[in-house]
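So the chains spell out like this:
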Amino acid sequence: MAKFFDPLANSSSRRDFLRTGLGTVAGVASLASLQGCASAIASGAATPLEPARNRPIEALAAIDVPNGGADPIPIPWLDRNGSQNQSPGPGMEPSNIFHFRGQVARSNDFAGMGTDNTGRRIAFGAKSTDFSFMSGEYFAGRQSRRGAFGHI
Amino acid sequence: MTVIPDGALTVSADGRHASVELHGVDVIDQPQWPAHDAAATPARLRFRIEWDATDERATYDDPAKLFRATGWRATSRLWASVDVPSTGFQWTSDAIETSHAAFGFIGTEINGRYMTL
Numbered sequence: 001m002a003k004f005f006d007p008l009a010n011s012s013s014r015r016d017f018l019r020t021g022l023g024t025v026a027g028v029a030s031l032a033s034l035q036g037c038a039s040a041i042a043s044g045a046a047t048p049l050e051p052a053r054n055r056p057i058e059a060l061a062a063i064d065v066p067n068g069g070a071d072p073i074p075i076p077w078l079d080r081n082g083s084q085n086q087s088p089g090p091g092m093e094p095s096n097i098f099h100f101r102g103q104v105a106r107s108n109d110f111a112g113m114g115t116d117n118t119g120r121r122i123a124f125g126a127k128s129t130d131f132s133f134m135s136g137e138y139f140a141g142r143q144s145r146r147g148a149f150g151h152i
Numbered sequence: 001m002t003v004i005p006d007g008a009l010t011v012s013a014d015g016r017h018a019s020v021e022l023h024g025v026d027v028i029d030q031p032q033w034p035a036h037d038a039a040a041t042p043a044r045l046r047f048r049i050e051w052d053a054t055d056e057r058a059t060y061d062d063p064a065k066l067f068r069a070t071g072w073r074a075t076s077r078l079w080a081s082v083d084v085p086s087t088g089f090q091w092t093s094d095a096i097e098t099s100h101a102a103f104g105f106i107g108t109e110i111n112g113r114y115m116t117l
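Protein chains in written order, with the numbering used here: chain A, 1 to 152; chain B, 1 to 117.
In isolation and in its complexed conformation, chain B is listed as follows:
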């Protein structure tokens, strides 16, 4: 998990559309993770992800786990670019409109102590 800086996250006023765009995310590529001794190579990621609510309402809650999320199932798209300086490998995805996610959700959530306030 990471802190999203100002300007990288946009959410529409009605809460039904959102996007996150980050550049220069230094990451470790470790395909054998979570193997204890998995080799790691530094890589850099740049991405944009978008969510758009559908008309399907969704509520996920579990009182025992102290959470309640309400919103909509969402469509989601991803554009990404990966750069591996040590090998010179670079890869860029096609236009964001050509990607899709099998699952998406957008809405609001309340959990933990806020469930009892």
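Bound-form chain A, shown alone:
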């Protein structure tokens, strides 16, 4: 993948990255956060003066440890490849977490254009460019809790 980020790489390589990689970038972050790998997601908090930054979901596992943690439970049958996610679509379950009720939204298979810092026009989007949010009540650590989560 280094070739896609190499400043000397040709435009078609970068184009390939952005077509397939924008989803991959986010997907790997999701994987890391769920698997407890060395998470690349930085900690941060939203303030009126600062753009909102995400927090690693592992942080919730450290809350209420005696009862099993406050991190949401993945959909049980989505564990086969470790991503705990499935591509959205008609008939597919929108939520990525189990024991949940609330608002959800999903979308995938984006298409769009952009420009890199050398002025090259590069397309983005793929079937795997997949975003969602879940906001509401979930059950974890023996009690109902409230939270908002995203698959990015």
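Calculated from the structure, these hints are not laboratory results. Each residue gets a CB set at the ideal place from its N, CA and C atoms; glycine is no exception. Misleading hints may appear alongside valid ones.
What the hints assert, rightly or not - Selected chain A positions facing chain B (in silico; Cβ < 7 Å): (1) A148; (2) G150; (3) H151.
Please build the complex by placing chain B on the supplied structure of chain A, with the hints as guidance.
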């Protein structure tokens, strides 16, 4: 999956419109994923995504898998910016209105134990 902090998610009162905006999302770019030894490069992502319900109602449910989602098919748009500090590569998408998604859904869902309460 990640925690969405306060202020990053907005949902309209009628539940038909929503957006998520996050800045400074540190991610790993790994185009060869899920290859076991796929190389990884740190990158940073900033994005905004929007959903707007259409007039097409949608219900997705599977009693065997204990879920029921009701809502609308949705249009969705994405603006993103990627920064790869190690290479100096930066990329920013065009205005959000110029993007689109082939599939979108917005609504409510109930699953797991809440299906039996």
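Verification of the supplied hints:
1. A148: Holds. Min distance 4 Å.
2. G150: 5 Å, holds
3. H151: It holds, given that the least Cβ distance between H151/A and chain B is near 5 Å, below 7 Å.
Consistency with the previously given hints is maintained throughout, with no hint failing.
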